[in-house]
Amino acid sequence: MSSSTATANRGRGPLVPLGARMWIRERPLVPLLFLLLGLIVTLELVRPGIVNATWLANTIKFAIPLAILAAAQTLAMLTGGIDLSVAAVASMAAYLVATQAPVHGPLVAVLIAFGAAALVGLVNGIGIGVFRVHPLIMTLAMTLVVGGVVTVYMLSVVTSGVRVPAELNWLSQQTAFGFLPHSLLLFVPLAALILLGLRRSGYGRLLYALGDNETAARLSGVRVWQVLIALYIVTALLAAVAGMLFAGLLNTASAQLVNGFLLPSVAAAVIGGTSIFGGRGGYAGSIVGAVILTVLSTLLQVLGMQEAVRQILYGAIILAVAAAYTRITEDG
Amino acid sequence: MTAVARPSGPLRDTRLMAALANAMRQDTWTIALVLLLVALLVLTRLINPNYGPFNVTSLAMAALPVALAAVAQAIAVISGGIDLSIGSVMALTSVTAATLFVGASPELSVGIVLAILLMGVVIGLINGSLIVLTRVPDIVVTLAMLFVWGGAALLVLNRPGGAVTPWLRELMTGSLLIDWLPRALVLLLTVVGLVWIPLRRSTLGLSIYAIGSNRLAAFRSGVNVGRTRIAAYAFTGLFAAAGGLALTAATGIGSPIPGPYLLLSVAAVVLGGVSLAGGQGGLLGPIIAVFILALIRADLTFLGVNPNYAEVIQGAIMVLVVMFGAYVTLRRRRRA
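Here the protein sequences line up with chains A and B, keeping their order.
Going by our numbering, 159 is the number at position 159 of the first sequence; the sequence numbering is gapless.
Going by our numbering, 186 is the number at position 186 of the second sequence; the sequence numbering is gapless.
Hint data in this document are derived by calculation from the structure and do not stem from the laboratory.
Every residue, glycine too, gets a C-beta built ideally from N, C-alpha and C.
A few of these clues could be false.
If you want a taste of the chain B side facing chain A, the calculated C-beta under 10 Å gives, among others [unchecked claim]:
(1) S85
(2) M145
(3) V195
(4) I197
(5) V270
(6) L276
(7) T301
(8) L303
(9) M318
(10) F324
Examples of chain A residues lying across from chain B (beta carbon under 8 Å, computed) [what the hints assert, rightly or not]:
(11) G105
(12) M142
(13) G148
Label pairs and their computed distance ranges (CB to CB) [stated by the list, open to error]:
(14) B:G304 x A:V188: 50 to 58 Å
(15) B:L216 x A:F34: 47 to 55 Å
(16) A:V30 x B:N214: 49 to 57 Å
Excised from the complex, chain B in its bound form (with noise of 0.2 Å):
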């Protein structure tokens, strides 16, 4: 790059342009995110001198759930579908575990843990079979399976309560190591990377991308197609049952009313790369932008802004992000 002779005027302009969109088809995205989280950090510390590891272990903590959240809805996107019961399943998770978690000894609660966890590959299995067998758009089965999971949720626990077991709150408070380090960053990557990395190397990973990019390709590559399509809900289901675990640890308690993670983890996926067509993007990308749209709230809080302004900004981001990205890749098929 440094050999080429520097053009000047418009043609620089347009290999600028070029190289740009290039490189947005790489991972150059997420380090674009990876740059805006740090410049975010440094701001964030100049607008609050006092901005220390605290803040940095209770934002953590906060921004789990919707991280997990935007993992599930990731994967649902790059198999070529989405998932409108996000929010749904992890409330039903989280009330499961609420009520479970009542009385229930240590060794007990890594048992019930467990089985929330497995409740939520169940969920996902249901909803991926659903589609799969009906026929059905995605985007309406899981609408229906909104009303579905939210229903349960009340008949589990049709008011806020339950409790957690103290060693899954501490898990995911304080830092590890170094005061900077928080503990539920740790926890989400590592629970992250020892599903989703293997996941990634192997066959069936790849076939959630080869579905996700063209269905007919993959089904001409003997990919089983309807398989792959369950078992890439069966994944989204997971990790919104390890949503709705974090939602009990970080809360205290489990309560049958949806949050706002079907709204987030949407946001967060298209901010984090993730093309809503299906087939591209990973997980990292949704996981910083969920982190960067913590920050942006906390900036705004700590300088005074009205909180509700936080949500029009949000939505503003995402607007012109997806824009920038959508001009960007107009560009290039132009000239292609």
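Excised from the complex, chain A in its bound form (with noise of 0.2 Å):
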């Protein structure tokens, strides 16, 4: 360990001491905390005055939605798979709820969806767990299945119209003393559970480790296709989930909704650092991950740039981040 550390260093030179590597190894969070620091510092210099308590609410409404979609790539990572399908079914489930909620009231509405997103979750869960189909393609599959079905669907429907339940808009559009949004109440005990359940329960154990070394994992009595079942029914629910907050807070559902969010569900999972062959990361640097790109969005906005230079910058920053933490964490 020494030895190849030592090697390494060498060769790349002493860019970062090796006592602060090994320290920030152990802490991934600390860098990144800096870096949305740092972005907010710098948000600040370019227009002061903006950092207040609006700005805050602002932020933390449109981080969670995209947290959560993190959780759902987080926990798909860990275990060296990867959940394309997310976007789909977060749209399936808000179109579901705003067009179920005028005619079945809310609640049902919302059972209704969270039902259709659990089959799509073991839909792939099958596949993958039982079938052994790559999680990447099995996935990506099921998005043209869901897509697909979903705008049949909202030809069908057009008579009865779109409307976003005020349940809904209370949980995500609106905040308690200005400043603390409450989706909060929702988001809170979500992520402090997929904390808890990673660190501390059998089944979260469980994903790291099939992450690490899945023919190591199933030779100790690990039945894997149980395990991966679940796990793609937890992550279609929390897309779900986040499908539903995204149309409370655009007051709007359609089967395209959440699309451009996949991708940026992939890049908050990758800043947080867990790692895209799994076995290593965690949901923690996620959420900061998901923080951080929203911040980073509002921050190429005010600087006033065409769509043109963030979608680049954003991608730059994407790259730095992952090169940045590839290089800190390695191994050697």
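Relying on the hints, combine the two individually framed chains into one complex.
Here it is in structure tokens:
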């Protein structure tokens, strides 16, 4: 270990001192929080006074649904998988709620949406866990299937119209005391559950075990297919929650509502230090990643840059953070 | 095979499976795809007796950008990577070409076409170098580059516009020699063949397969892994740029918004028998898969099926084919 680190250091030069690297490797959140702080300071410098209660509330409001999508992505990535169907499932859930709520009331509508999401997750899980289809392909294919079905459904219910239930607006748009969005009521327990679940529960450890070495996990008696089916049902349910929050936030719903957030959800997990090969990472980083991406897009907007430059910088920063992470945390 | 007395019952069944598994390992996947394509063509004639040369040529023309995207993706996947930025690169090259073509003489436009292809190579070199230098997984780097190249496309042209040089359009419209042979298909096979056949026979081509199959073994056999990966992405960029040119030629303009080419290219690569694990498959399979998917879509339209179901069916076919492939592989592994 020490000799290999020394070799790597010699090759790369003392860019980051060995002691600092070890320290950061143990605490991957620290540099991320510094990056976030740096972005906020830059934002304040660019437009003094922008960092206030309203800004805070807006940032949290937009970061929460992204953080929930990133949660789904993080869980899948910990096992070495990926869930590309989160955006399609989230859009589907949002659309189901918005069209079923006027007919059956919000509660039944939410249950219908969760049921449909769980079904998609089950199919994903069976494909990946039982038939061993590559997660990328399976969830990509389900994206096509779900997107197509929702579009057909969209054309058939055109008459009843889309109306986001007021309860969802309350949850994801409104704030208490001017700076605490109501969605925190949902997000804080959910995040705590995921953080604790990953650390303390047997199931959480199994996700890491699968991502680290699936054969070893299998030989230790883990029923891999059951873990994977449960995982993809959970990611689909998380995606459904995120979709409903997006619907409440944007006060609209369509088959494409959440599509633009698919790649940011992967990016948030990657920035947060979760390895796309599995076995390493955690949810705390993904939450910070989601906040960083939200603040970043505000900053790029405030700087008055055109969409083109914003996209380029967005991509460049994702790459830079991922590269810095690899450099710091990589063994050897 | 014929000399072997036919056993009956379960024994024959297992032999059949073994033969199938063995066949799947070789080119039979491609042969099966060709048979499927022919069956689909027959089916299309049955559904729509008027289906003729005109339909075939327009199908080939519409499928050309997708086929080039699939070829680009297949090379990245064979080398053990994946390129999520293909759609953006196609958009960028397409708008650049469309902007340059405005008012260009035919002679100048030949230079423009070559410049765009070179641009694709450079983009691929940048993608590949970033992957090798940062040591960040391919999927993450190309995800980030998806935004970068997409943004660059918007910088070049922020709304659909531009033009196309007439000869490029003529190159892929209509048919050649006989009515049933679309020019777009001939163009596709020529372009891909000119690059791929020499490449596949060269050391570089072998190295691309080697690093996709087992990077460590390739490294220990003396392959320069980093350089080979970069080269593979350069070829991916080249074909993505060709796809961008085909897109401009097919639509007559350039659009900075990436089309569905990323999803379609991955779908075609998987259906075409290229393993996402790398090191396996060729380019013919993905190309045929593109035409199969396009024909299915056309058939559904003729049948009056809601076009949105086409996506559902496309997704379902993808899953079923891959599940079948995985099932056969599993059976084979258990026997071994």
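Each hint tested on the structure:
Because the beta carbon of S85 (chain B) sits about 9 Å from the nearest beta carbon in chain A, less than 10 Å, this interface hint is met. Contact between M145 (chain B) and chain A, as hinted, is supported at the beta carbon level, the nearest pair being about 6 Å apart and thus within 10 Å. Violation of the interface hint for V195 (chain B) is found here, the shortest Cβ-Cβ separation to chain A being roughly 26 Å, above the 10 Å cut-off. The beta carbon of I197 (chain B) comes no nearer than 28 Å to any beta carbon in chain A, farther than 10 Å, and the hint placing it at the interface is violated.
Among the interface hints, the one on V270 (chain B) holds; its C-beta lies about 5 Å from the nearest C-beta in chain A, closer than the 10 Å criterion. Among the interface hints, the one on L276 (chain B) holds; its C-beta lies about 5 Å from the nearest C-beta in chain A, closer than the 10 Å criterion. Annotation: T301 (chain B) was flagged as interfacial toward chain A, and the flag is violated, the nearest CB pair being 14 Å apart, outside 10 Å. Of the supplied interface hints, the one on L303 (chain B) is violated, with its beta-carbon coming no nearer than about 15 Å to a beta-carbon of chain A, more than 10 Å.
With a cut of 10 Å, the hint placing M318 (chain B) at the interface with chain A holds, because the nearest CB-to-CB distance is about 4 Å. At its closest, the beta carbon of F324 (chain B) sits 9 Å from a beta carbon of chain A; the interface hint therefore holds under the 10 Å criterion. Interface hint status for G105 (chain A): violated, as the beta-carbon distance to the closest one in chain B is roughly 28 Å, over 8 Å. Checking M142 (chain A) against chain B by beta carbon gives a least distance of about 7 Å; that is within 8 Å, so the hint holds.
Interface hint at G148 (chain A): satisfied, since its Cβ lies 3 Å from the closest Cβ of chain B, which is below the 8 Å cut-off. The supplied range of 50 to 58 Å is met by G304 (chain B) and V188 (chain A), whose beta-carbon atoms lie about 51 Å from each other. Taking 47 to 55 Å as the suggested C-beta distance range, the pair L216 (chain B) and F34 (chain A) does not conform, at roughly 36 Å. Look at V30 (chain A) against N214 (chain B): about 37 Å separates their beta carbons, and that is not inside 49 to 57 Å.
In this structure, the earlier hints numbered 3, 4, 7, 8, 11, 15 and 16 are contradicted, and the remaining ones agree with it.
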